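First to last, the protein sequences are chains A and B.
Numbers in this note's numbering are just positions in the first sequence, counted from 1, shifted up by 388.
Numbers in this note's numbering are just positions in the second sequence, counted from 1, shifted up by 110.
Since the hints were derived computationally from the structure, they do not count as laboratory data.
Don't take each hint at face value.
As the list claims (entries may be wrong) - Rough simulated footprint, nothing fancy, chain A against chain B, three-plus residues with beta-carbon under 8 Å:
#, stretch
1, 324 to 330
2, 439 to 453
3, 694 to 703
4, 723 to 734
The structure displayed is predicted, hence computed values, not measured ones.
Each residue gets a CB set at the ideal place from its N, CA and C atoms; glycine is no exception.
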Amino acid sequence: MSVSSDTLEQMFKQPSLLKRLGWFDWLWAALTAVGTIYAHTYYVDLMDAYEVGILYGTAISLIWLGWAWKPTRQLSLVIAMLSLFAIGLYGDDLARGETGFFLKFLLSSQSAIMWMSALYVMATFAYFFGMFARSDFSNRVGSALTWSATAMGFTGLMVRWRESYLISHDVGHIPVSNLYEVFILFAVITALMYLFYEGRYKNRQLGGFVLTVISAAVAFLLWYAFARGAHEIQPLVPALQSYWMKIHVPANFVGYGGFALAAMVAIPMLVRIYAGSQNARTVFWASSGVMGVVVFGYQLLKAGTATGIDVSVALNAVLSGLIAFVLVAVALWALSRERVLTTLPPNELIEDVMYKAIALGFAFFTVATVLGAMWAAEAWGGYWSWDPKETWALIVWLNYAAWLHLRLAKGWRGRPLAWWSIVGLFITLFAFIGVNMFLSGLHSYGSL
Amino acid sequence: MSFVRLKHLNIINRGRAELNDKTLPVRTRRGTGAIALEFLGSMNLAITLLVVIAIASVIGTVLQQNEPYTNYVMKFGPFWFEVFKALGLFDIYGAPWFLLLLGFLLISTSICVWRNTPHILHDMRQFRLDVQDKSLQSFHLKSEWHTAYGTGDAAMRAEALLGARGYRLRKREQEGHVTVAAMRGSAGRLGYILSHLSIVVICLGGLIDGNLPLKLQELRGELRAETRDIPVSEVPAESILGTDNHSFRGSISIPEGASVNVVYLQLRDGYLVQQLPFAIELEQFRVEHYPTGMPKSFESDLVIHDDDLEQPLRQTIKVNHPLIYKGYAIYQSSFGDGGSGLKMRAWSLDLPHQEPLELASNVNRFLRLNTTRGERTLEFTDFKLYNIFPADEGDTSGKKFHNYGPSMVFKLRNPAGEALEYINYMLPVELQGRRFFMSGLRSTPSEEYRYLYIPSDDAGTPQRFMRVLAAAHDAAHVRRIVEMQIGDTLGADAASRDVRNTMIDSISRLVALFVEQGIDGVVKHAEASIAAEQRQDAINSYVNVLQGVLGALYIDVLRDEGVNLEQGVREEDSLFFDDTLNTLSMLGAYGSPFYLQLSEFEHIEASGLQIARSPGKDIVYLGCAMLMVGIFMMFYMHQRRVWVRLTQCDGGARLLLAGSGHRNRMEFEHEFHALQVELEQAVPRSTDVT
Chain A
389 MSVSSDTLEQ MFKQPSLLKR LGWFDWLWAA LTAVGTIYAH TYYVDLMDAY
439 EVGILYGTAI SLIWLGWAWK PTRQLSLVIA MLSLFAIGLY GDDLARGETG
489 FFLKFLLSSQ SAIMWMSALY VMATFAYFFG MFARSDFSNR VGSALTWSAT
539 AMGFTGLMVR WRESYLISHD VGHIPVSNLY EVFILFAVIT ALMYLFYEGR
589 YKNRQLGGFV LTVISAAVAF LLWYAFARGA HEIQPLVPAL QSYWMKIHVP
639 ANFVGYGGFA LAAMVAIPML VRIYAGSQNA RTVFWASSGV MGVVVFGYQL
689 LKAGTATGID VSVALNAVLS GLIAFVLVAV ALWALSRERV LTTLPPNELI
739 EDVMYKAIAL GFAFFTVATV LGAMWAAEAW GGYWSWDPKE TWALIVWLNY
789 AAWLHLRLAK GWRGRPLAWW SIVGLFITLF AFIGVNMFLS GLHSYGSL
Chain B
111 MSFVRLKHLN IINRGRAELN DKTLPVRTRR GTGAIALEFL GSMNLAITLL
161 VVIAIASVIG TVLQQNEPYT NYVMKFGPFW FEVFKALGLF DIYGAPWFLL
211 LLGFLLISTS ICVWRNTPHI LHDMRQFRLD VQDKSLQSFH LKSEWHTAYG
261 TGDAAMRAEA LLGARGYRLR KREQEGHVTV AAMRGSAGRL GYILSHLSIV
311 VICLGGLIDG NLPLKLQELR GELRAETRDI PVSEVPAESI LGTDNHSFRG
361 SISIPEGASV NVVYLQLRDG YLVQQLPFAI ELEQFRVEHY PTGMPKSFES
411 DLVIHDDDLE QPLRQTIKVN HPLIYKGYAI YQSSFGDGGS GLKMRAWSLD
461 LPHQEPLELA SNVNRFLRLN TTRGERTLEF TDFKLYNIFP ADEGDTSGKK
511 FHNYGPSMVF KLRNPAGEAL EYINYMLPVE LQGRRFFMSG LRSTPSEEYR
561 YLYIPSDDAG TPQRFMRVLA AAHDAAHVRR IVEMQIGDTL GADAASRDVR
611 NTMIDSISRL VALFVEQGID GVVKHAEASI AAEQRQDAIN SYVNVLQGVL
661 GALYIDVLRD EGVNLEQGVR EEDSLFFDDT LNTLSMLGAY GSPFYLQLSE
711 FEHIEASGLQ IARSPGKDIV YLGCAMLMVG IFMMFYMHQR RVWVRLTQCD
761 GGARLLLAGS GHRNRMEFEH EFHALQVELE QAVPRSTDVT
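For reference, chain B alone in the conformation it holds in the complex:
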């Protein structure tokens, strides 16, 4: 049903043709250009493009964009990496084929607008007085009756009614006929022009702000993305953009007290350096926190130094409150460490009797060290002043959140380039009433940290733990203890002495194995040498032996420290031993030849700024405004036409009322019927006229 009606509307109300390519006049002989034009402006192409762009956009949200290429190689393997790279999937929204799709949408929309606008403008003014009786008869919405009024009077009444209902009118009187053509809401037709033109405007604005010129320069070989991590002064000229570049969006991190006059633009797996015509100095960066540890505000106190300024411009920016200077918008976007000064003590785990080595460095710097396990590079990557976590369940302190205090992150790299990442907390952390130095370890950034808990002594140092470790490393000391523990339980004969020596040797080796490789080493040893069914028992007895030997070592350490042991070992010292044993058993997997204790720091923060210049922004906003206004006009202002045609006949006139609504048919039907009722009152039916 509805299809049939629509077709009627199409024929009569040519307004429908604005979006409909079917009703275009078809010429018999057409050139290639005309065919191409029709294809590009066709509705089918437009709808296909909308859907295809939508689907293509999905890819870029599923596949993380613009990551370092190595990540993609790891994820997809070398073959698919090359395929995806060739398809531009890692920067899909900048890929030539995606831009081509957008280009097609732009052309398609432009052609539609260009083709329909004259027609719509004409249609908005055209009252269609020349409509034929026959075509009005074929309207879906029509009504016909006889009236006793003459054509002139009836027309006047109809005009008055329609005028009062907001219609604009034209009247034509012919011999025996009067036609009143009325029209309303034709401004709604402008909605089509506005909304579609807006797409073109937005695309153009976007084009100005996009990095297409850079891509072209790159294609011509005038630009090359720099991929090395080098200071700005060493970046070659072909990777530097001058201040004449009108649109870009880059980022820069400024440490407190420092000043910059460049930003970095990311380009695929590299970057370009964009020069600024002024310098930005960061005086101070502040983070405020809510009591929950959530950040509340990020603020940077900036000073702009520019020769054009009489005195430097001071301004504080924060998230949602950027500074716009000379068309450059400066945003607060992130923060990080600006190279905090770190002083550390390196406690050797291989030579624990040594005094700790004092080290000093900064975040974002590195140290080369010769360690007991060969050359190592220490790269300091981060420092945090606060580490606020939700309190564990069962925490009795009543606080919901717990601040673990300062921490530093560093990587320990071996000559083969493999690195382990560590996070060390400065202050001992309290767990179940005891205090520990926490050090987390992981081999890839995607892992969670695995923590080593080094028990802290009463003075808040790892000293006592190191002493126990030193004792355990001291082969002679261990042997003495083992000898003492075995005592003279065996006979004094030669055979027994041999058995005794063998036992002493093997227990000493067990202790050395445990100290070197932790509990894992002991288990591995058991797996290699003992049958499966006896293994668990053996391991248990190993642990017992280890506990015994190390316990005795611990007592010695306590005695050396001058602890009074006459009353037996205190409860807390006993707990300390259990913790030490736990830590020792994990030490084999720690992967570092030393424990790095942070002793002092100087906190220097850095503010991450985003700096953008987008001259197309206002054009885009203009387009957006046109789009919004256009859409509302299109949906909520409907063009509707009503005709009243009066034909003179005996004793009065025959009245034909017909109407058509552009869109929103149901609503217009209501309006039409209401109008009909009113018109029947104004120009009543008469039954006595034939």
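One chain only, chain A, in its complex shape:
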């Protein structure tokens, strides 16, 4: 029975990561490498040494991501094919975006982004329908829609990148330079992070909640495009003409995405906690009531500030308040206590997703802030100037640092952290948009 320890070692040895890779992994890596080298040789005149470094760094990260999380291989291939197809259709003529069938209705950046928007909203409904009707099929449709929307969103960004160069060489830039473009980035990154956890935990019940924040971003995006014409590609102001933008902005949005995801999954967690609590009935009426009052107040305020309050405004506010009340009550009733407890994933799982999202977000947000400081040192002459955007980045950072300490060091769990992460989203939101809307400072380009 006795065997040597070497034989035993051999017996238990698992193949290393590289040996576990299949032919598709290698094909995919090869395609990525070829694309990268092609981009390098073809566009070398447009890039400085740092940008070449970023190009290869991106390629390596992408290959690693594809090996570690397999579905991203297909995703990036689809994005690459759609983008190349669109770029091919454009040729050298931007006007073809209005005349060519595929470009006009599917692949010009504007169309692709519209498709992304529609698909995300549809996915939100599919997930929620799946949750309420307990339909796994609907949930899977939600997943498929989210993947498709993400592919369209990335394609839109890629094509927009090309379009900016078609306008004029000196206008061309990576589409992460203004609020419109980064909202798209926010939507696709948040969706991608959600999809990762969905696969990881094999649970689709959180989809509706996360997709809600993405749909909200989409709503803002559409308003911003139609009311303000923000989708027009604008040239870069001198301060933004730097390779730093290519790494600072995406890193920031991994952070924002993680924080948004954490806040959104906190909602089902709180629903579970309150549904399972002794006074679920009180919570039921209270939350319906609060929702009703909030909507009532909002309507009154909105119409009131515009036109002054009269009977029709008051009536409208009362009616919307009532509708909100009834809707929330029906939704909560439809969920019912048992349903909530059996449908929604266990709190332990949600808590884990929340922690992971915040940890990932925090890590990337740290990187983004450090990169931002280094960029600031190069552009404005100081790595820290207490500019409002910088300061709010610090506030967001401190907030999540406190959250992480509470969880990791003080062992907090459950309700307080869930609420904290929801409040955290509002802080993040202010750092993201509020600063540009209400405060002046050096980051004045993403203004509304």
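Once you've looked at the hints, dock chain B against the given chain A.
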């Protein structure tokens, strides 16, 4: 549930204690120092500080920092201004209490690092072979079974498996027992040390670059911020910093062709002068624009003159591409006017028959003038070569953007110190097919400009407008016209003559009132003298009368100019009259005794440079690198421990597998269960052993 489990983990895996003050051994008698140390290093204080600093930081983003104090007085009133000033709210990030908060965070973090590091380093090496059966039994993750293998064989198989899964191992054999202790990912524990130490490093680096030494010097009275706007040569020595100052961040504006060897450091409501060991000359400054008028690049051609250099160093800097010389980083940060030369014609609005007065000055200079309305100071503040605006809707030229050409900005200050700010465009601007000289006016910088449009004649001058104005000012001329217009409609008797004279007087007065105060004056007059219900009719008839009189004056002016009026007044001349009437009606609110027409200029630009010396930067960057690496290690490398304890029994051994993961419990649970399955294959269960 989770709380209970955590407590188990706390007892067994003392690694948790790294951040947790609760598990520190409590001594019965402690000195004040120990209590203070525990308070300063406590988690509660740390978390409170994080939140409090975050909240305090908000204030500085809501309240604009480091503005001139007068702005704050205007905004908050004298009482709150004093309160806010005492609280340091106008420079919150330099306020003593804010620095104190940061200091506390620094101390708190340092104590945590100092207290936990030895423990963590120990824990990373410690395999805990001496773990007791009983404590393993109390683990959340554990499994137990009997096997037919002997303790030695089973241990060897367990070791092989764990080794193959990347665990480091220690084994202890005792009588009847074999314990295998395995550990993995303990480097992750270094993440804690790195990330927390990094905060200390960053703070220290920041401290080196901060202006704390300056503040101390100021407190000791060795330094005083200069608040007056005076040339560098007149700044007293107590406001000047020598080249031995190692860290600062200041700014300076250099006109083209000029050279400087100082920068200004802002300190609250004043400034300090920082000397440089070299001189910077600006040869040329360039702005390039996109077709949309948006700036595309700002570039300065600099020449560094330094005795240490064999020949001057030439370098072009632009935004995002600074020049670093001798540790001084020179950045392109803004631009402005460097004192452009301006030549102007001042057209008097009170004595419009006079020839315009020729004036010459420069941006950033001023002129004192004796005007018809008393002494005035003309301060020239800016000149712009281009003014590119989006084209108005309905613009038929097809261009999206329109360049309005050069403009100058000046302030007109009366002896009481009150100033009105004007922006005058050099070239006539085309609006609806006619051309106008645009002059904007405002009384505070927060207002939008209100524009006066002076119609331009065919030669592109305000001459014809001035002639009409002169005619309107000419009382005798006006009276003649009025007399002519009233004619002999009234009788020739004495009463009628009186009525006629009264009418002539009052119409002449009306014209004079209109010319002096514009339409506002006429309306005010009506409000003062006519009942409300008849007022509108009266004003309308006033306007009719004015149109008639001024129209006749205009015809005279045209005739004087030699315009052929036999075919009637041309369409464009008629439009010109309407525009003139509009302008005249606004003239009363223009506030200036003259219209200043820019006739020639010499454009001199100035480049705004920011010059910084920050020896702490590399330390801060080192800290940042430690922070990033530390955080990723902390979140993505998890220390986990597994024990396999074998107890000899009849026909084999009893195997106890237990594990604990530092953080990331869910993931470790998966890993543990997978490990358990594999171990059950390697050391199978046997049911026939009791």
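Evaluation of the provided hints:
no., hint, in the structure
1, 324 to 330, "violated (count 0)"
2, 439 to 453, "holds (count 3)"
3, 694 to 703, "violated (count 0)"
4, 723 to 734, "holds (count 5)"
Comparing the model with each earlier hint shows violations of hints 1, 3; every other hint is respected.
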